[in-house]
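Listed in order, the protein sequences are those of chains A and B. Under the working numbering, the residues of the first sequence are numbered 819 to 1104, in order. Under the working numbering, the residues of the second sequence are numbered 97 to 279, in order.
Hint data in this document are derived by calculation from the structure and do not stem from the laboratory. On a predicted model such as this, the values are computed, not experimentally measured, just so you know. Warning: the hint list may mix true and false statements.
For each label pair, taking beta carbons as the anchor points, the in silico distance ranges come out as [said to hold, decoys possible]:
1) D140/B <-> P845/A: 20 to 30 angstroms
2) V1086/A <-> E257/B: 34 to 44 angstroms
3) S162/B <-> R984/A: 49 to 59 angstroms
4) S173/B <-> R984/A: 51 to 61 angstroms
5) G246/B <-> L836/A: 19 to 29 angstroms
6) S218/B <-> L836/A: 26 to 36 angstroms
7) P166/B <-> R973/A: 49 to 59 angstroms
8) A134/B <-> R984/A: 37 to 47 angstroms
9) R160/B <-> V1093/A: 30 to 40 angstroms
10) V278/B <-> R1037/A: 31 to 41 angstroms
Ideal placement from N, C-alpha and C gives every residue a C-beta, glycine not left out.
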Amino acid sequence: MIVLPDAAWVEILAVRGLTTVQDAGRPGRMHEGVPPGGALVPELAARANLAVGNGHGAPLLEVFGGVTLAPRGRSLAVATEDGAARTLEADEALDVPSPRGLRVRYVAVAGGLAVPRVLGGRGTLLVAELGGHQGRALRRGDRIEVGSSALARERTSAPLALDTSRAVRVFQGPDIGRFEAGALDTLVSEPFTILPTSDRTGARLAGPVLARLDGDTGRSAPMVRGAIQVPASGAPIVLGPDHPTTGGYPVLAVVARADLGTLFARPVGAAVRFVLADPGDRTAAV
Amino acid sequence: MGSETDGLALGTRLRACEGVVDAVVTEDRVCVYFEPGAVPRDLDRALERGVGGASATPREVIVRVSYDGPDLALVASLSGLPAEDVIRLHAAGVYVVRMVGFLPGFAYLGGLEPRLVVARRSVPRPRVDAGSVAIAADYTAVYPFASPGGWNVIGHAQGAEMFRSDTGALLRLGDRVRFERVG
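Looking at chain A on its own, in the form it has when it is part of the complex:
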C-alpha cells in the first residue's frame, strides 16, 4: 500500500450512542424504496462543514450521543455544529460531548470523510446496511479516510438561523378526510413533546390524541419528509430523512420544508407547537 504524504484518517476512540456518517442525501431513489437520507438537521451539518472549508453537504459525523476521535497521519482541521473550527495535531484526541439542547451534533473534518458513493450518496442507511462506513453505525477503533482538502473553499461562518423554540409551520395533509373534525385544530393549538423513540426515520410525539375516523385501510401511499402520520393510537410521527418511502397511516398535515430543521434539532422532551402555514407563504417552502 502506498501511503501518500498527506494521507489522513479519523480514528474513533469512543462512541456513546448512535454515530454515523451522513451527507446531503441520496435523491431520486424513492421509487425503489430508498429514503432520501441526508443529515437529520442539514442546517447544523452545513455549519460544521462550512467552518472547515467543505461544501455544505460533505460527508461528516452525525452524533446522537457523544464521540471521541483523533486524526491519524497528519494534523486536521475539525469543526462541530457550533461553527468554530480548530486544528488537531496528529493523534491529538478530541472529545465531543453529548449535545445540549439539541438532538444531534455534527463533526466535520477539512476535506470531508472519504467514504464510497453508494447509489448517489455517501450517507449511512442503516436499514439497508449501505453507505457511510461499511453501512453501519461507527464503533471504537473504526478508521475513516479523510478526503483531500486541497480544493477547500474559504472557511465561512454560517449564521445559525435555527430557533428551536418557535412554532413549526404545517400545511394541511392529503388525508384530512380520514380524521375527526377538529383533529387539525388540535394539532395546531395543543403542545406536543418529542419522545425518546424518535430517530432518523421520524420524530415521535406525545400529546393530545388526533382522532381518526377509520382503521388502517392497508393501501399504502407515497410519503415525504415532514409528513405527519397518525397511527391508530392517535400519536403522531413526523417523518425524518430515513422514513419508509410509502406508508398506510393517514397524513394529517405536512411540516413546511423550511421548518424541518427546527423540529428535528429539538432534543427528547422538548416542546413542539404547530401553526398552520399561510399557503401563499413562499418562505415556508424553501
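Put chain B on the given structure of chain A with help from the hints.
Just chain B now, with coordinates in the frame of chain A:
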C-alpha cells in the same frame, strides 16, 4: 390508474420532466418530488398521458422459496386450509408488482389467491429476517432486509437479491413474480 406497467411508464415520464427529483407511483396516488425553488413544468402533459400511454415490457422473476416460515401454521388455521394447500396455492400464483416502497426494494405483489388473504399479525414482530416471504391482506412480498414487520411469514427466499447496493431494487412496478418451492 391503469395497469402497473402504465404506472411504471408514468413514473419514468414524470422523473424525466425538468426539475423533477423523483416520482413515486402507488395504487391510487402519485407523488412528485421537486426542489421548491424550481417548480417543474410539463407535469400536466406527463400526467395526461398517464393512462393508456406506452407501456414498458414487464419482466418475469422467479424466486425460490423454502416454505418453512413461523406463521405457516397460523395462516393455515386462519384460512381453514391444510398447510400443504397454503404452500401449493402460494407457489401456484403469478404475481405482479403493484408498488415498491416501505423498505429499499420491497415490492408489494398483487394476485394472491383469495383463500390466502389474512390480516396482518395483531402485534408486529420486532424483527422479520431478510429474505422472509410473507403475506398480509391481498399482498405477498419478500423482505429485502431485516426489519420490524407485521406480515405473516410463510417461507424464506433462497438466493434472491431483492436489493443490491450497486444496482438498486430488483423489482419494478409491473414486473411478474413466480415462486418456486424448494427444500
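Verification of the supplied hints:
{"no.": "1", "hint": "D140/B <-> P845/A: 20 to 30 angstroms", "result": "holds, 23 angstroms"}
{"no.": "2", "hint": "V1086/A <-> E257/B: 34 to 44 angstroms", "result": "holds, 37 angstroms"}
{"no.": "3", "hint": "S162/B <-> R984/A: 49 to 59 angstroms", "result": "holds, 55 angstroms"}
{"no.": "4", "hint": "S173/B <-> R984/A: 51 to 61 angstroms", "result": "holds, 54 angstroms"}
{"no.": "5", "hint": "G246/B <-> L836/A: 19 to 29 angstroms", "result": "holds, 25 angstroms"}
{"no.": "6", "hint": "S218/B <-> L836/A: 26 to 36 angstroms", "result": "holds, 30 angstroms"}
{"no.": "7", "hint": "P166/B <-> R973/A: 49 to 59 angstroms", "result": "holds, 56 angstroms"}
{"no.": "8", "hint": "A134/B <-> R984/A: 37 to 47 angstroms", "result": "violated, 27 angstroms"}
{"no.": "9", "hint": "R160/B <-> V1093/A: 30 to 40 angstroms", "result": "violated, 54 angstroms"}
{"no.": "10", "hint": "V278/B <-> R1037/A: 31 to 41 angstroms", "result": "holds, 33 angstroms"}
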